[in-house]
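4 protein chains.
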Amino acid sequence: MRELGIGIVGTGFMGKAHAFAYRAALAAFPDIPVPRLEMIADVEAGLAAKAAHQYGFARFTADWRALVNDPRVDVVSITTPNTLHKEMALAAIAAGKHVHCEKPLSPSLGDSREMVEAAEKAGAVTQVGFNYIKNPLLKMARGMVAAGELGEITGFRGIHAEDYMHDPEGPYTWRIDPVGGPGVIADLGSHIIGMARFLLGPIAEVSADVRTVVKSRPVARGAKERKDVLADDAARMLVNFARGCGGTIEANWIATGRKMQLGFELTGEKGSLVFSQERLNELLFYRAGGDSRTNGYVRIEAGPQHPPYGEFCIAGGHQLGFNDLKTIEMGEFLRAIGRGEKASPDFREAYEIQKVVEAAISSSKARGWVRVG
Amino acid sequence: MRELGIGIVGTGFMGKAHAFAYRAALAAFPDIPVPRLEMIADVEAGLAAKAAHQYGFARFTADWRALVNDPRVDVVSITTPNTLHKEMALAAIAAGKHVHCEKPLSPSLGDSREMVEAAEKAGAVTQVGFNYIKNPLLKMARGMVAAGELGEITGFRGIHAEDYMHDPEGPYTWRIDPVGGPGVIADLGSHIIGMARFLLGPIAEVSADVRTVVKSRPVARGAKERKDVLADDAARMLVNFARGCGGTIEANWIATGRKMQLGFELTGEKGSLVFSQERLNELLFYRAGGDSRTNGYVRIEAGPQHPPYGEFCIAGGHQLGFNDLKTIEMGEFLRAIGRGEKASPDFREAYEIQKVVEAAISSSKARGWVRVG
Amino acid sequence: MRELGIGIVGTGFMGKAHAFAYRAALAAFPDIPVPRLEMIADVEAGLAAKAAHQYGFARFTADWRALVNDPRVDVVSITTPNTLHKEMALAAIAAGKHVHCEKPLSPSLGDSREMVEAAEKAGAVTQVGFNYIKNPLLKMARGMVAAGELGEITGFRGIHAEDYMHDPEGPYTWRIDPVGGPGVIADLGSHIIGMARFLLGPIAEVSADVRTVVKSRPVARGAKERKDVLADDAARMLVNFARGCGGTIEANWIATGRKMQLGFELTGEKGSLVFSQERLNELLFYRAGGDSRTNGYVRIEAGPQHPPYGEFCIAGGHQLGFNDLKTIEMGEFLRAIGRGEKASPDFREAYEIQKVVEAAISSSKARGWVRVG
Amino acid sequence: MRELGIGIVGTGFMGKAHAFAYRAALAAFPDIPVPRLEMIADVEAGLAAKAAHQYGFARFTADWRALVNDPRVDVVSITTPNTLHKEMALAAIAAGKHVHCEKPLSPSLGDSREMVEAAEKAGAVTQVGFNYIKNPLLKMARGMVAAGELGEITGFRGIHAEDYMHDPEGPYTWRIDPVGGPGVIADLGSHIIGMARFLLGPIAEVSADVRTVVKSRPVARGAKERKDVLADDAARMLVNFARGCGGTIEANWIATGRKMQLGFELTGEKGSLVFSQERLNELLFYRAGGDSRTNGYVRIEAGPQHPPYGEFCIAGGHQLGFNDLKTIEMGEFLRAIGRGEKASPDFREAYEIQKVVEAAISSSKARGWVRVG
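Those sequence lines, one after another, are chains E, H, P and L. With this note's numbering as the guide, the letters of the first sequence map in order to residues 320 to 692. With this note's numbering as the guide, the letters of the second sequence map in order to residues 320 to 692. With this note's numbering as the guide, the letters of the third sequence map in order to residues 320 to 692. With this note's numbering as the guide, the letters of the fourth sequence map in order to residues 320 to 692.
Okay, chain E solo, but in the shape it has when bound:
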C-alpha cells in the first residue's frame, strides 16, 4: 500500500485533533494508504518543535510555505485561523498537494469559490472539517432517508447552539471580529446547515433573522472600555429544501447552558429521527405503525452494526468520542486519495454550505425569503 506524507499547518486544538486522527487512521482502516507523519508547521517554531515531538512528526517548521512545498509532503491539513485558509490552500494546491481545510473555507464567498475552482482545476482531493457528520449513526440516518424508510420527508428542525459567548461581560475576541467572518451563522450555522444538506440535500431558499444580541463587550475581562460587536450571535431561519420539505435552522452561541446542542428532529410520513451531539452515541427513531401498545421512540445505541463503529470498539456501549469522528474523517480522506476519488465533504460542498450562510445574511437584511446561490 502506498504511503502518503502528511503535513499539518497549525498546532492548536484542531492541529492536535488532526494529529490524533492521522495517528489512529491506519489502525482503524487497514485499506487506506499509510499516513507518514512528515512535517508540522506553526508560526512559532517552539510550538512546532514541541508538536512534532509530541505527535510524532518527522520534521517541523515555522514556515508554512516550506511545508506546502515540501516534496515529501503529499497531504496538507490547514488548521489555522480562517483568514489564512485561502492563501495556504491555494499554495498547497499549486504545489500539487491534496488539501484538508478546517471550516469555513474562507470568510468570503468569493474567496471560497476561488479555492474550489483552483482545487477542481488541479484535480486535488479536498475535504473540509465538518466532523460531526462522520458519526456512524448519522451515516445510517442519511441512508434511511435515502432508502425511503421514513417515507416522504415532511419537516426538519436543526439547531447548533452553544454558550461560549452568552456572558455579555465576556471580552471581545477574534471570534467576533468582522474580519474573521460574519459570526455564529458562519461558525456554528455551517455545521447544522452541512448536516441538513448531508441528510436531506440542497436548501433552496431561506428566510432568516440574523442578529447581534450582545451589542458591546469589554475589550478585556473586567475592563471598563467596551467595543461594539458587529458579528451576529443568534441566527434563526425558515428553510425550504429543494426536495420540497420545510424546516427551521438555528445557530446560536449565546445559548446559556448548551455546550453542544448540535442536532435535529427530522420527520417523515412514516417515521422520524431525533439526534443531538450531546449524546452522540444515541439516535432516537420512531417508526409509525406496528403494535400501538408498544410503539414509541427507540433509543438506538451506536454499535458495530453501524459501520465503521466496529473499527474502534468491539461492542455497543463502549462509545465513540470526538476524536474518533475525526479519525473517520481523515480515514475517508486518505482512502479517497488512495483511490483517486472525491472525498466528502469537499471544497465544493463547503462552498455550497457557505452560500446558504450568505443567503441567510441577505435574507435577514431584506426581511424576506432569498433563494440560495
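Simulated from the structure, these hints should not be mistaken for laboratory data. Any given hint could be a false lead.
[Said to hold, decoys possible] When the alpha-carbon atoms are kept at most 27 Å apart in a straight line, the in silico DSS-like pairs for lysine-lysine are as follows:
1) E:Lys543 x H:Lys589
2) H:Lys684 x E:Lys684
3) P:Lys684 x P:Lys534
4) H:Lys674 x H:Lys422
5) P:Lys543 x L:Lys589
6) L:Lys422 x L:Lys440
7) E:Lys534 x E:Lys684
8) L:Lys534 x P:Lys589
9) H:Lys534 x E:Lys589
10) E:Lys546 x H:Lys589
[To be verified] Beyond 12 Å from chain L on every Cβ pair, some chain H residues (computed):
11) Glu322
12) Phe332
13) Pro352
14) Glu363
15) Asp382
16) Gly442
17) Glu471
18) Pro497
19) Asp547
20) Glu630
21) Glu651
22) Ala655
23) Arg658
24) Ser681
25) Ala685
Using N, Cα and C, we set each Cβ at its ideal position, and we do this for glycine too.
Assemble the complex: chain E is given as a structure, and chains H, P and L must be docked to it using the hints.
Frame of chain E, contents of chains H, P and L only:
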C-alpha cells in the same frame, strides 16, 4: 362561602375534563366558591342524561339555550365545536353568566373580538382553556423570568408538535375543514403562542411559513376518492417579542412520533429553562456561574414547593396529570369569580393570541415580516 | 345502577386522596355503582367538618365508630395511622362494611392475619392502597410477562428509594417510632415487594440486610437532645421468586435526591422492561431480535391504548397523575363490590406482602436466606 | 525525555485498543516517556505482521517469549486469553519488564497472588485494564467522596449488566468454559467491584447469589446437541464496605437489552451521584439543601474542567469515547514508569478485586455472609 351553579355545554372529551375539574376544584382549593353541578347540555339528550348521571350534575338538557338562560346556572363552560362558541358565549353573557370557553374563541378574529367586547361590556368573568400553562412549574418559570433570575432574555424556541394527522392516508375530517379554522397554526399554534406570551409577554412581529404538506386525503379510511386539504398542517415562524428578544415557534400536527411535544427552550444571559409537556412534572434549569466542575442542567421535579402542587399531592414524585392542570384552571376561574377579579387567560388574552395566529397567516402569504395587531 | 354509601376515616393527605378518587371514579368508570359521599370522620371535629364541606360529603363525625356503624355507609376507607387500622377494620367488617385500608394492614403480622381472616369470614370486599400498581403501563407490563412476550423471566431489580429521612439532623418522628412499624422495609419496601409480586408472582425466599444507618436524631429540629433510632432506614435483599427467577429489592428512605424512585428493571430471555414512578407515564421496552441497526429500548408513552388511560385523557401525551391512579384503584374497588367479586390487592395480598417484609427482617438477623411464610 | 519500548502480546480487540492508546498517549500527555512501538506478537504470524504494519510497530513475532525477552522492549501489554496471563506476566517480570495485563490477572486467586508477589519483588510497575474508572468524571466523583462533599456515604448500588449471553440458543463458547474463569462475576463483576473500591474503598464482606440461569447451550449456533453450562451468568450481592456503608452489586451478562449498563448510584447524607457508562460523558449530581424550588439532579457534562478531558477535546460537548479512556490508562501507566511510581490499578489492586469475586462465590455456596480476604 357562596355557591356557583355550574353548567357545561358539550359532553365530549373536553366536557368530561371540565366535569372532572369542577368536581375536584373545591377539594383542591378551599378558598373558592362552592361549585354546584347544576346542568349539562348535549345536542343528543341521551348523552346529556348519561353525562349528568356520571358526572353528578343535577339536571341535563338537549337545548343549550335552556342551560345558558337557567337562573340556577351562574357559570357556563363551552366545550362544543369551535364554530358554535360565539353564539353560545354571546347568549351566556347576555344572560349574565360567567363564561369559560375552550380555545379558540372562534374561527374568525372579528367574531372573537365581538366576544371580547361583549364580555367586557357585561363585566363577565371569562377564561379560555389554555390548560397547559396552569402547570405549577410554568408558573414558577414565569416568575423566574419576571424576577430577572435568568437575566435579560435572549432567545425562545417554542414548539407544539403532535402526529395525529401525519398519515396521508388518514381521512379528511372536520379538523381540516376550512370552516373549523385555519388548521394547526390555530389549533396547536395557539397553545405555544399562549405559552410564549405567558412567559415573555407580547409578540410584536412574525415572519411565518404556514403550509399544507398533505395536500389531499381520502374521504374515508381506505376510500379511493380524495379531497383537497386547505388547512395548514405545519407552521413555522420567526418571532420578535415586544421585549426585544427573538425566537422561533413551530406548530405541527404531522410530526410523526410526537404525542405532545409542547415545550420550549428559553434562554437568558444568566440562565435558561427547558420544558416539554411530554414530561410535565419536570423542568430543566441551568444557572450560569457557580462551580464549573458541577454545574449543568438541573432536573427540577414538581413538588409542594411549586404551588399549587401541594393541594394535589403530599410530596414530590407523585406527579400531576392533565386533569389536575384542568382543576387548577377551573379553581382559578371560580376564585376569580368569587373575588370579582379577572381570570386568566381571559377572552381578551385569547384574542391577542389569535392576532398572532392571523399575523402568521398573513406573513406566510406576504413572504415577509408582519406586525401583530 | 346501585348506590354505595362511602365513608372515609381520616382527613389527612390520604383521606383527601380517597376523596378525590371517590369524586372522580364514576366520571371515569360508568359501569361502577354510584358512590354516594356519605360521611367523613376525623378525631378533630373541626377537621371533619371542613373536609365534609370541601370534599362534598353529606355528614361528618369525630367518632369513627359512628361512621363504621352508620347504616347509610356501605364502604369504609381507612386512612388513619397504621396502629389504628386493625381496630377500625375489624369494627367495619363486623358492621358488614366493605373496607379499603391504606397500607400496611397493621404493624404486626399476627394482627394483619386477624384482619384477613375476619374479612374473609365476613365476605367483605377488601382492598389495600398499593396505588402505584394501578398504572395502566404496569397493567400492560404484567400482561406481557404473563403472555410470555419477554420469554422466560431471568432477573428483577426493584427499588423504592426516597429521601425524606436522609438528613441526620431531621427530627425523630412517628415514622421511625417502633410502635408504628419496622421502618422503611415496611413503609416503602411493601410497595416494591407488592409491585414485584404483581408482575412476577410470589417471592419464595429472601436474604436481606435491613439496617439503621442514621442511629440517632434530635428530638426536634435543632434540638441538642437526641433519641436513638430503632427503625430501619435502608433495606436491601436478594430474592428468589417462586417461578425460579432471582433478583434484588431495595427500600431506602435516606436516598438523598430521590423523591420517588419506585421502579424496576425486569429481564426476560426475549425482552425487558424498565420503569420508574419518577416518569410514571413512560415504560421502556426492549424486544430482542429484529433489525439490529434500529433495535433498542422503546420509550412507550402512556395513551388510550393502555386501558383505562382513555377514561381520563383523550390522547397520549396528556398524562395521568397520582390522583388518577388512586381513582383507578377506587373504581376497581367499587366495581368489585358491585359485581360481588374480589378486589385487588385485597387484605390477603397485603398480608402476603407483609410476610416478605417479616422474612426480610428475620433474614437480616439470621444473616442468611429465609423462606417466606 | 526517556523512551520506552512497547511490546503488545495479542492482536485482537484489546490488542488493538492498546495500540490506539499507545499511539495517542504522548499526543495527549506531553509529560510522559515517549512510547516507541517496538514489537507486537500473535501466535499467528500473519496477524502479527498485519498488526505491526497497521498499528505502526517496528517488528512482529509469533513467539511471545521473544517479545518479553527482547532488550528493546521495556513495557509489555498482555491482551491474550485469561489462562495465558500468568505465564506471560511472570516471564515478562522475570525479564525486567513493566507489565500491563488485561483483567482478570488469572482465573485462579492463587495464581494471581503469585503474579502480584513476583511483580512486587521485581519492582515492576504494573497495571491492570480496568479502563472505565479512567473516566474524568469518575476521577472527580472519587475526589468528591474523599473530600466529604457528599457527607457520610450511606449507600451504593452498583451494576454491570450486558446482554451478550442472554439468548439461551446462543452457542457454548470459551467465555463460559470453566477453565476460563467462573463466569460473569469475574468478567463483568470485577469491573463494578473495582469501580466500587475506586470510589469507596475496600469491601469487607459480601452475601451473594451467584447463579447459572441458562443451564445448557447448543454446541454451535443451531446445533441440536447441547452442553451444560457451569459458569455463572447472573450474580447479585449484598455488600458491606469497610467504611461502614452498605450496598448491592450486580453482575449480569444475560440482561437482555443492556449493552453497557456499568454504573452506580452512590448516596451520601449531603448528596448523591448517579453514573452509567451508557452515557459516559455525563454524571448526575444531587446536592441537598439550597433553594428547594430549583434543586434537583444536575446533569454534569464532561469538559475541560474535568482533567484530563481537556487533553482530548477543547470544550464540553465534544465527548470522550472508549479509546480515550484507554489512552488515559496507558498515559498514566507510562507516566508512573517514568517517575518510578506505582501505577493504578496495579496487580495488587486487581488481586484485591479478585478476592471479592472469590468471596462472592464462597458466599453463594454458603448461603450467607463471607468476609473478604
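Mind checking the alpha carbons of Lys422 of chain L and Lys440 of chain L for me, to see if they're no more than 27 Å apart? Given pair Lys422 of chain L, Lys440 of chain L holds - Cα atoms ~21 Å apart, limit 27 Å.
Checking a non-interface call: every C-beta of chain L should be farther than 12 Å from the C-beta of Glu471 of chain H. Is that right? holds, 19 Å
Does Lys534 of chain E pair with Lys684 of chain E here, judged by a C-alpha cut-off of 27 Å? Status holds; Cα separation ~17 Å.
Is Pro352 of chain H truly not at the interface, in the sense that its beta carbon sits beyond 12 Å from all beta carbons of chain L? holds, 30 Å
Separation of Glu322 of chain H from chain L, once the least beta-carbon distance is taken, above 12 Å: Consistent with the label, Glu322 of chain H stays out of reach of chain L, its closest Cβ about 35 Å off (over 12 Å).
Given the hint that Lys534 of chain H pairs with Lys589 of chain E, does the C-alpha gap stay at or below 27 Å? holds, 16 Å
According to the definition I'm using, a residue is off the interface if its beta carbon is farther than 12 Å from all beta carbons of the partner; does Arg658 of chain H meet that for chain L? holds, 26 Å
Given the hinted pair Lys674 of chain H and Lys422 of chain H, is their alpha-carbon gap at most 27 Å? holds, 13 Å
Would the pair Lys534 of chain L and Lys589 of chain P pass a check requiring their Cα atoms to be no farther apart than 27 Å? Between Lys534 of chain L and Lys589 of chain P the Cα gap is close to 16 Å, so the pair holds against 27 Å.
Minimum Cβ-Cβ distance from Asp547 of chain H to chain L exceeds 12 Å: For Asp547 of chain H, whose nearest Cβ neighbour in chain L is about 46 Å away, the distance exceeds 12 Å, so it holds.
Was Glu363 of chain H rightly flagged as not at the interface, with every chain L Cβ beyond 12 Å? holds, 47 Å
Closest CB of chain L to the CB of Glu651 of chain H still more than 12 Å away: holds, 20 Å
When each numbered hint is compared with the structure, no violation occurs for any of them.
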